[in-house]
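Enquirer: Each chain is listed here by its residues.
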Amino acid sequence: MTMGAPTEPLTCQQLVELVTDYFEDALSPAERDRFDAHLAVCPGCEYYLEQMRITMRLVHESDGLEEQPEVAALLEAFRDYKRL
Amino acid sequence: MSEAPVQADLLTRLRAGDEQAFKDLVQRHHRTMLAVARRYVGSRAVAEEVVQEAWLGVLKGLDRFEGRSSLTTWILRILVNIAKTRGAREARTVPYAALAGPEDEVAVAPERFRGPSDQFTGGWWAFPDDWSRLPEQALLQRETLKVVTDAIEGLPPLQRSVIAMRDIQGCGPEDVCTVLEISDGNQRVLLHRARSRVRAALEDHLAGE
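Those protein sequences? They're chains F and E, same order as listed. Position in the first sequence counted from 1, then plus 40, gives you this note's numbering. At position 88 of the second sequence the residue is numbered 71 (this note's numbering), and the sequence of numbers has no breaks.
I should point out that these hints are in silico values taken from the structure, not numbers from a laboratory. From a predicted model like this one, the values you see are computed outputs, not experimental measurements. One should not assume that every hint holds.
[What the hints assert, rightly or not] Output of the computed footprint for chain E on chain F, the stretches with three or more beta carbons under 8 Å from beta carbons of chain E:
| id | segment |
| --- | --- |
| 1 | 56 to 68 |
| 2 | 89 to 101 |
| 3 | 106 to 118 |
Glycine included, every Cβ here is placed at the ideal spot set by N, Cα and C.
Could you put the whole structure together from the sequences, leaning on the hints where they help?
Expert: In C-alpha cells, the structure reads:
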C-alpha cells in the first residue's frame, strides 16, 4: 500500500494499516513522525489505537475462558518419564 | 516466562517430577499449541492428537534440553515437526490464501472512510468509539471474552497461529518466525490482520454499550 510522499500527511485510512508496525517499533523515524503528527490532531485515530490496545489485552485475557485440556493421560506419561 | 531464572527453576522442578509444574506447563501452552498445530493439520481433533504426541516428545527430550532457546520455542518446534508429518500424511495441500487470508485484506472496511470525491479523503466518516470510557467489567465479562475467542477461532490458520504465539503466549517476533518458518515482515502482516479482525468483532459487539 502506498503511503503517499514522505512529506504528505497520513490519512486515517493509511494510519490504521500502520498501527501494528507502530506498536512493533517497525516504522522508520520519518514514518513515525508522520504517524505521531496525525495522532496529535485526530481523536478518531487515537480512539482506534486505544481500541487496538484493548483488543490485544483481551486476546491475552481470553485464555482464562478456555476449557482446561485433559491432562490425565499426560500425567501418566510424566510419571513414567520420571521412572526411566 | 522467557526469563532465564524462571525457566531454570521450572526445568528443575520438571526434572524432579513435579506434577503440578508439568500440569501448569501443559495448560499454559494448550491453546497456542492447538493454534500452531492447526496451521498444518485439517481438523481440531487431529490437532489435539498432535498436541498430545508433542508432549510425549517433550518428555522424551526434556533431560537433554539445554536451554539455548526458550522452553516454549523448543516445545513448539517439537510440535511443528509432528504436525508437519501428520499434515503431509493427510496429503494436505492448501492454497496460501486459505492459510493466511486474502492477499488484499484491509484492517478496516473502506466504507468507514471518506472517498476520493470528499474534501477529507481517507478520513473517518464517524470516529471509532472511545473504549476507554467503558467500565472494565464490560470488557472483561464472559460475553465479551467469548466474542474474542470466537473471533480467534474464525481466523485463517496462519493468522491464528501468529496471534496466539504473540498475544496469548507472549512470544517475541523472532520465535514466531523460527517456529512458523516465516519472515518477520510476513509475521507482522499476519499479526496485523488477525488483530484487526478481532478488533472489528469486538467493535460490533461493543457498539452502543
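Enquirer: Does each hint hold? Answer for all of them.
Expert: Hint-by-hint comparison with the structure:
no.: 1; hint: 56 to 68; in the structure: holds (count 7)
no.: 2; hint: 89 to 101; in the structure: holds (count 10)
no.: 3; hint: 106 to 118; in the structure: holds (count 9)
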